[in-house]
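Protein chains: 2
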Amino acid sequence: MIGIFDSGLGGLTAYRELHKLLPNEQFVYFGDTGRVPYGSRSHEILKKYARQDIDFLRTKGVDVILAACGTVSSVVLDEIAAEYTVPLVGVVDASVAEALAATQNGIIGVIGTGATISSGAFAKKIKAARADAQVVSVACPLFVPLVENGYIQRDCTVTKLVAADYLAPIKASGADTLILGCTHFPIIADIIGDLLPGVTLISSGAAAARAIAKEYPTSDAVGSSEFFVSDSPVNFDEVARVFLGGETVTAKKVDIEKY
Amino acid sequence: MIGIFDSGLGGLTAYRELHKLLPNEQFVYFGDTGRVPYGSRSHEILKKYARQDIDFLRTKGVDVILAACGTVSSVVLDEIAAEYTVPLVGVVDASVAEALAATQNGIIGVIGTGATISSGAFAKKIKAARADAQVVSVACPLFVPLVENGYIQRDCTVTKLVAADYLAPIKASGADTLILGCTHFPIIADIIGDLLPGVTLISSGAAAARAIAKEYPTSDAVGSSEFFVSDSPVNFDEVARVFLGGETVTAKKVDIEKY
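First to last, the protein sequences are chains A and B. Residue numbering for the first sequence follows this note's numbering, beginning at 1 and increasing consecutively. Residue numbering for the second sequence follows this note's numbering, beginning at 260 and increasing consecutively.
Heads up, some of the hints might be wrong.
Here chain B is said to cover these stretches of chain A; the calculated rule only asks that three of the stretch's residues, wherever they fall, bring their Cβ under 8 angstroms from a Cβ of chain B [claimed, not checked]: (1) 39 to 50; (2) 152 to 161; (3) 228 to 240.
Simulated from the structure, these hints should not be mistaken for laboratory data. Note that the Cβ used here is the ideal one computed from N, Cα and C, for glycine as well.
Taking the hints into account, I'd like the entire structure generated from these sequences.
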């Protein structure tokens, strides 16, 4: 059984990819909708929230946990992984590997939340694997609220303006590869791609899903998926549909402060 | 001693007003920065968070509590007020009274977070006081992240575009008065005012501050102010300065999940 958690529903983009690759697997998804977003929180509070999210998934008997949250993966995952026997997989390593394989000129862009970029996690792992790589990292804190409020159409002037602002240093650097270090960002990949023609976009959630699917033996069981959230599950189906490309699912509520 | 709480730091606009009116008063402010924003949360979780916020302030021995949060004031305050002996003042009643006094044509606009507008609290209280008033309510969920990310300059194209979108129904209605039903919104009052020339803007936090100052006897003590937040207080001073018009203050951390 694979556990997946995220600050909210963005991680459903990773679940979707994983479910496609492992249709016979059992999944438990937790979205911390009562405390979303994580991208502007401190190191200390992120550690607390991540531990609670993991502890809840452990009660479900999961064999591996995907932290489908760029912020948790970047800021605290390496630090807390040693506390658990269940393997914790984040979204950083797989997307760094894919970016290094994709780049021709060694210039790699990284975008994520404020906390993700401040942590420097993507840049450090890229440089550790390839010392001569050049990394241009930019925080894009408004992308999450823009996506969550439906400003996602390819011709949306507001999101295009904000994105042009954020992506200017990436464009100027000549990067040929860009890591979307937040699971909300693939939803506006069109807008990002239009501003950076010819640049290979790596979705960190999808990359992590591919890495888990490779390592994890496909279960013989009939596939199943359970969804949990920390705020009311009312309207979960509507919002989830955006991230699941139209599929309708329902969720149950969990009091995450108890974990 | 006056307790003030908000989902984050927007309520500092109300504190600032109150501190100006009652310079010899003692204040305790709590901002729930570990769980901000409240505007998209459910009724159930808002009730839980509001109770924890109030319970924390009660440990400080406050005589009255201002819920300087449009969402809490609209969605749950009336429901939970009976649970407490300490008086709870929200931002709805005072701004409704000021709007009714200000309007000439009886058409009043209300803007707030998604949860505030869904609750219908402002509209219900306006209609209860004046049945023939016409109320036009619009949720503006992107204003909070725009303000928090510094998109606040009067000529900011992004915020102007979003605001023009949100405020179109207010403009079309012919409203002569607009309640800013969220403590973040006064920060972009310039942009809102430019789009609605001649319309009287009522800041709900400032209106509530004026109402409390009127009812509350000024203390003889030397004034003091203490600030608490639920996430790390690092950088609190920088962000707080935006809401306090330049004043520098520091904050302590409180584990709000324990209350």
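So, going through the hints one by one against the coordinates:
1. Remark: the stretch 39 to 50 of chain A is confirmed as covered by chain B, as 6 of its residues place a Cβ nearer than 8 angstroms to a Cβ of that chain, reaching the required three.
2. For the stretch 152 to 161 of chain A, the stated coverage by chain B is satisfied: 3 residues place a CB nearer than 8 angstroms to a CB of that chain, which reaches the threshold of 3.
3. For the stretch 228 to 240 of chain A, the proposed coverage by chain B is satisfied: 4 residues have a C-beta within less than 8 angstroms of a C-beta in that chain, meeting the threshold of three.
Of the numbered hints stated above, none is contradicted by the structure.
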